[in-house]
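K.L.:
Given next are the chains, with one letter for each unit.
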Amino acid sequence: MSSWLAEAAAVFAKDWRSEARTRYALNTLGLFALTTLVLVSVGLGPLGASAAGAQVLPFLLWIVLLFAAAAGLPRAFVQEEETHTATALRLAARPSTVFWGKLAYALSLTLALEVLVAPLFLAMVQLEVASPGLFAAGLAAGGFGLAAASTVVAAIIAQARARSTLFAVLSFPLLVPLLLLVVEVTRNAVGGEPAAVALRQLLLYDASVAVAGSMLFPAIWNP
Amino acid sequence: MPPVHLRFSGLARRFGRLPVLRGVDGEVGAGQVLVVTGVNGSGKSTLLRCLAGLLAPDAGEIDHREDEGEPLPPAERRLRVGYVAPDLALYEELTAGENLDFFARLRRVERERGRELLARLDLPPDRAAGALSSGMRQKLRWAWALLHRPGLLLLDEPFQNLDAAGAAAVGELLAEHLGAAGGTGRPGAAVLAQPIAPTLDPRLAVADRVELAG
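Protein sequence lines, in the order shown, are assigned to chains B and D. Under the working numbering, the first residue of the first sequence is numbered 162, with each subsequent residue one higher. Under the working numbering, the first residue of the second sequence is numbered 152, with each subsequent residue one higher.
Misleading hints may appear alongside valid ones.
To be verified - To give a feel for the contact side, a few chain B residues facing chain D, derived at Cβ under 7 Å:
{"hint": "1", "residue": "168"}
{"hint": "2", "residue": "179"}
{"hint": "3", "residue": "244"}
What the hints assert, rightly or not - Reference excerpt, derived from the structure (chain B facing chain D, CB under 8 Å, subset only):
{"hint": "4", "residue": "164"}
{"hint": "5", "residue": "167"}
{"hint": "6", "residue": "171"}
{"hint": "7", "residue": "175"}
{"hint": "8", "residue": "178"}
{"hint": "9", "residue": "182"}
{"hint": "10", "residue": "183"}
{"hint": "11", "residue": "245"}
{"hint": "12", "residue": "246"}
{"hint": "13", "residue": "248"}
{"hint": "14", "residue": "249"}
{"hint": "15", "residue": "251"}
{"hint": "16", "residue": "252"}
{"hint": "17", "residue": "253"}
{"hint": "18", "residue": "254"}
Don't read these hints as lab results, they were simulated from the structure. All residues carry an ideal CB built from backbone N, CA and C; glycine is no exception.
Modelling step: build the complete structure from the supplied sequences, incorporating the hints.
P.N.:
Shown next as structure tokens:
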């Protein structure tokens, strides 16, 4: 394994080890995901069986995923700053390995969240997916975008004082295009329609945010 | 192998309108300690953070070289120095051993080096860092700082909270570092900042003393 990859893997493994001890992100993600899931399914019932369901439910699925992710993911860097461990990390790891290690951790959490939420959501609202492959690709690409955008925003807000305000201001322009694209892909997957253009745009979004984040991160991380 | 050398001149740093460092100079070579003293708020910690590459000075130059190389850029300085300071914390939810294992992976150092330092400092590897006493945490900072056998140690109040045995153990490690930086075969250097000049082991060569005005 290259030394760069080994460093990033060490950051990833450390974050999971810390999470396994504190369970902060897992509990928060789980709580928000299940609460919104139950509310949506109880409120709407088996909406998937109706024609309107295929149009509306993809939005609701991603709202559930976004709420849960927004509650748990932005802690990645804030916790390092608040507990003063960021200094040790700055002095021991290259910034790019910290960024990609944290992004891999956020991605694994997001994918775990999707694996938990998506099947439950489909079952509870009785929504059938005509193109399961496209549905899974949308979840994977959307999950990556959510993790990448959250990691970039988390890195920026960790250095700021007015964190909650800055989180909202920065997240809105980053997340809205992602959600519009991923909802379109999901809706097309449910209806069995092609979504090559939206999927390509989604992948382009993912690559842009990850590359821009990786390039910006050294300047953000080292004051 | 030619050893470490640090020289800084005209270092200035302000926070907003408050000037903290005003044109500070100093130099330390291999096998030596540079002692920095000054009252609280005189800028000792700020100076060390600048030297470590954690803060960019507003003015002045830092020339940190190793092995006859070019001056290290801040990004490299950060990775090369060993740093002990009150504001440095390790992961409380991980054990002392797990903390050093993690940083050993980042630093590409063998795991046994961390275990050896923990044993020398009489620290239990299986106790969570959050459950260590303040003196034990200080010793863990020392172990963390020495893990990668740095050429230059930056020590901000490094004897804080240590009992007599702890102070003797870290004093011994400092002497070894200056003699042959953690067994690398080349002498290391150190910058030591304290409010009042410490009583150092007579074996340690003091390069110079810098008194910061409050």
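K.L.:
At a threshold of 8 Å, is the proposed contact between residue 183 of chain B and chain D supported by beta-carbon distances?
P.N.:
holds, 5 Å
K.L.:
With chain D as the partner, please determine if residue 246 of chain B meets the hint condition of a C-beta pair closer than 8 Å.
P.N.:
This interface hint holds because 5 Å falls under the 8 Å limit.
K.L.:
Given a cut of 8 Å on the nearest C-beta pair, is the interface hint for residue 253 of chain B held or broken against chain D?
P.N.:
Because about 5 Å separates residue 253 of chain B from the closest Cβ in chain D, which is inside the 8 Å limit, the hint holds.
K.L.:
Would the hint on residue 175 of chain B stand, with a C-beta cut-off of 8 Å toward chain D?
P.N.:
Given a least distance of 5 Å, the restraint on residue 175 of chain B holds.
K.L.:
If you take the shortest Cβ to Cβ gap from residue 167 of chain B to chain D, is it below 8 Å?
P.N.:
holds, 7 Å
K.L.:
Let me know if the C-beta of residue 168 of chain B comes in closer than 7 Å to any C-beta of chain D, holds or violated.
P.N.:
holds, 5 Å
K.L.:
Grab the minimum C-beta distance from residue 164 of chain B to chain D and call the hint holds if it beats 8 Å, violated otherwise.
P.N.:
holds, 6 Å
K.L.:
Can residue 249 of chain B be said to touch chain D, with a Cβ gap under 8 Å?
P.N.:
holds, 6 Å
K.L.:
Given residue 171 of chain B as an interface hint, is its Cβ closer than 8 Å to any Cβ of chain D?
P.N.:
holds, 4 Å
K.L.:
Given a cut of 8 Å on the nearest C-beta pair, is the interface hint for residue 182 of chain B held or broken against chain D?
P.N.:
With a closest approach of 4 Å, the residue 182 of chain B hint holds.
K.L.:
Minimum Cβ distance from residue 244 of chain B to chain D below 7 Å?
P.N.:
holds, 6 Å
K.L.:
So, residue 248 of chain B near chain D? Judge it on the closest CB pair being under 8 Å.
P.N.:
For residue 248 of chain B, the interface hint holds, since the closest Cβ of chain D sits about 5 Å away, which is under 8 Å.
Checked against the numbered hints above, the structure violates none of them.
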